[in-house]
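Those sequence lines, one after another, are chains E and L. Numbered per our numbering, the first sequence spans residues 1 to 78. Numbered per our numbering, the second sequence spans residues 1 to 137.
None of these hints come from the bench; they were simulated from the model. Idealized CB from N, CA, C, for every residue including glycine. Don't take each hint at face value.
[Stated by the list, open to error] Here are the simulated EDC-like cross-link-like pairs (lysine to aspartate or glutamate), alpha carbons at most 16 Å apart as the crow flies:
hint: 1; chain 1: E; residue 1: K23; chain 2: L; residue 2: E89
hint: 2; chain 1: E; residue 1: K29; chain 2: L; residue 2: D94
hint: 3; chain 1: E; residue 1: K7; chain 2: E; residue 2: E32
hint: 4; chain 1: L; residue 1: K52; chain 2: L; residue 2: E92
hint: 5; chain 1: E; residue 1: K70; chain 2: E; residue 2: D43
hint: 6; chain 1: E; residue 1: K23; chain 2: L; residue 2: D94
hint: 7; chain 1: L; residue 1: K32; chain 2: L; residue 2: D94
hint: 8; chain 1: L; residue 1: K52; chain 2: L; residue 2: D15
hint: 9; chain 1: L; residue 1: K32; chain 2: L; residue 2: D131
[Said to hold, decoys possible] Covered stretches of chain E (chain L as the covering partner; in silico rule of three or more C-beta atoms under 8 Å from a C-beta of chain L):
hint: 10; region: 7-19
hint: 11; region: 30-41
hint: 12; region: 71-77
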Amino acid sequence: MANLDIKLKVDASGLSCPLPILKATQGIKTIESGQLMEIVATDPGSVKDFDAWSKATGNALIEQDAADGKFRFVLRRK
Amino acid sequence: MDETISIVLFSGTDDKLQSAAVLVGGAAALGKPVKILLQYWALEAFRADRIKANHGLAPEAGEAGRTAIDAAAKGGGAHWSDTMRMAKEIGEIDIQACSLSMDVLKLKQADLDSLVDGIEGVAAFLINAGDGQIVFI
Numbered sequence: 001m002a003n004l005d006i007k008l009k010v011d012a013s014g015l016s017c018p019l020p021i022l023k024a025t026q027g028i029k030t031i032e033s034g035q036l037m038e039i040v041a042t043d044p045g046s047v048k049d050f051d052a053w054s055k056a057t058g059n060a061l062i063e064q065d066a067a068d069g070k071f072r073f074v075l076r077r078k
Numbered sequence: 001m002d003e004t005i006s007i008v009l010f011s012g013t014d015d016k017l018q019s020a021a022v023l024v025g026g027a028a029a030l031g032k033p034v035k036i037l038l039q040y041w042a043l044e045a046f047r048a049d050r051i052k053a054n055h056g057l058a059p060e061a062g063e064a065g066r067t068a069i070d071a072a073a074k075g076g077g078a079h080w081s082d083t084m085r086m087a088k089e090i091g092e093i094d095i096q097a098c099s100l101s102m103d104v105l106k107l108k109q110a111d112l113d114s115l116v117d118g119i120e121g122v123a124a125f126l127i128n129a130g131d132g133q134i135v136f137i
């Protein structure tokens, strides 16, 4: 895992669809363009949702992984 | 991604309202504007004094459905009204009460939750929907 400069960490564990992407939308607004946000979710739908959300909003999904039922996404604000 | 989604929300059971809230929340996160027209039992469910009351489930849910939904509510699922409130903070979500339903149910806007932005007729709703999609729930 690359050593990334994460500006904001959002824990959406235990939250069901569509709350992880809503939390992400709230969170991304609090950081500057080019900064990174990490979000952790347990909703399995979040994998396809964050892919779609990234494409729709232009905030790049630069890293993602899954372990122990947790899905982690790193997004760069447009 | 800014095509408006127009939703005619008719049903007043918690499962269908939750289904609508998921759509609205998703649209808000993707930056799609949403316009909702509340009719009949959905409108009744938006009454300020009972928005968080038990609105029941669609008949097909049955007892097993009730158990599953109750378990989901305890395990991280937000109430549909809270999801809609969050969506409104994030996105462009406009919720209007159908004027005919207001009349039939003898409601005034003061009786409704603050999620409701106003009262409109079907012509205004259809004109605003334009060529965009209309979803009926």
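Against the structure, the hints:
The straight-line distance between the Cα atoms of K23(E) and E89(L) is roughly 11 Å, inside the 16 Å bound, and the hint therefore holds. Restraint check for K29(E) and D94(L): not satisfied, since their Cα atoms lie roughly 21 Å apart, outside the 16 Å limit. For the proposed pair K7(E) and E32(E), the alpha carbon gap of about 9 Å is at most 16 Å, so the pair holds. Taking the CA atoms of K52(L) and E92(L), the gap is near 23 Å; set against the 16 Å cutoff, the hint is violated.
With a C-alpha separation of about 8 Å, the suggested pairing of K70(E) with D43(E) holds against the 16 Å cut-off. Restraint check: the Cα-Cα separation between K23(E) and D94(L) comes to about 20 Å, which exceeds 16 Å; the hinted pair is violated. Distance restraint check for K32(L) and D94(L): the Cα-Cα separation of roughly 12 Å lies within the 16 Å cut-off, and the hinted pair is therefore satisfied. With a C-alpha separation of about 13 Å, the suggested pairing of K52(L) with D15(L) holds against the 16 Å cut-off.
Annotation: proposed proximity of K32(L) to D131(L) holds, straight-line Cα distance about 15 Å (limit 16 Å). Check on the region 7-19 of chain E: 6 of its residues sit with their Cβ under 8 Å from a Cβ of chain L, so the three-residue criterion for coverage holds. Counting residues of the region 30-41 of chain E whose C-beta lies closer than 8 Å to any C-beta of chain L gives 0; at least three are required, and the coverage claim is violated. Against chain L, the region 71-77 of chain E contributes 0 residues with a C-beta closer than 8 Å to a partner C-beta. That does not satisfy the three-residue criterion, and the hint is violated.
Hint compliance for this structure: hints 2, 4, 6, 11 and 12 are not met, and every other hint is.
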